[in-house]
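When you get a sec, could you build the whole thing from the sequences and use the hints?
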Amino acid sequence: MGAELVLLHVLPATPIDTELRLQTEERRAELRALQATHQLGIPRADEEGEALPPGRVFEGPLVGERVREFSTAGREWARMLEEWADLGRAAGCKVRTLLRVGVPYREVVAAAKEEQADLVLLATHGRGEIHRLLVGSVADRVIRMAPCPVLTVKAA
Numbered sequence: 078m079g080a081e082l083v084l085l086h087v088l089p090a091t092p093i094d095t096e097l098r099l100q101t102e103e104r105r106a107e108l109r110a111l112q113a114t115h116q117l118g119i120p121r122a123d124e125e126g127e128a129l130p131p132g133r134v135f136e137g138p139l140v141g142e143r144v145r146e147f148s149t150a151g152r153e154w155a156r157m158l159e160e161w162a163d164l165g166r167a168a169g170c171k172v173r174t175l176l177r178v179g180v181p182y183r184e185v186v187a188a189a190k191e192e193q194a195d196l197v198l199l200a201t202h203g204r205g206e207i208h209r210l211l212v213g214s215v216a217d218r219v220i221r222m223a224p225c226p227v228l229t230v231k232a233a
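The numbering of the sequence shown is the numbering used here, which starts it at 78 and goes up by one.
Any given hint could turn out to be false.
As the list claims (entries may be wrong) - Cβ pair distances, simulated, as ranges:
no.	residue 1	residue 2	range
1	L82	T201	24 to 34 Å
2	A232	L82	16 to 26 Å
3	R156	A200	14 to 24 Å
4	A168	R221	24 to 34 Å
5	L84	P224	11 to 21 Å
In short, the hints are calculated from the structure, not lab data. Here a beta-carbon is modelled for each residue, glycine too, at the ideal position from N, C-alpha and C.
The following block contains the structure:
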C-alpha cells in the first residue's frame, strides 16, 4: 500500500496569458489532441513517419509560432519534471509526471479528481495583491475547489 507522488505542471492557455495564448480554436483542438494522445500513451509519428519517444507531450508537425512555443515549453517542462521525478525515485518513492495545458487552477483540480489525490501540494508565487484582485489566485481557487486537502508552500 505504497503512496504515489504525481508531479504536475500546467502550461497556461488563458486569454490573459498573451505570451502563450493560442491564436485559433483549431490550434487549441490540435494541442488538446496531442495532450490526450500523450496521456493515453498512443504512439505518434513525426513528419518523416518515425515513431516519437514516449513521454513527449508536444512534438511533430504543428502550424504557427505559438504552437512551436508551446512545444518548446512542453519539452522543457517534461524534461524538468522527469529530473525531479528521478530524485524522488532515487529516494525510493513511486513517482509519475503529468504535463497539462489549460487554465492552471482548473487543471490542478481536474488532475486531483482524476488521480483521486489524498493531498495537493501547491507552490504559491505571491505575485501581489493587485494581480490577485484583477486575476485571482490559482492557490485560492484550488483550495476552494479541490476534492482533497491542499497544502500550500511559498515558492523560493
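The hints, checked one at a time:
For the pair L82 and T201, the supplied restraint of 24 to 34 Å is violated, since their beta-carbon distance comes to about 19 Å. In this structure the hint that A232 and L82 lie 16 to 26 Å apart at CB holds, the actual value being about 18 Å. A hinted range of 14 to 24 Å holds for the C-beta pair R156 and A200, which are about 19 Å apart. The supplied range of 24 to 34 Å is met by A168 and R221, whose beta-carbon atoms lie about 32 Å from each other.
In this structure the hint that L84 and P224 lie 11 to 21 Å apart at CB holds, the actual value being about 19 Å.
Violation of the numbered hints given earlier is confined to hint 1; every other hint is satisfied by the structure.
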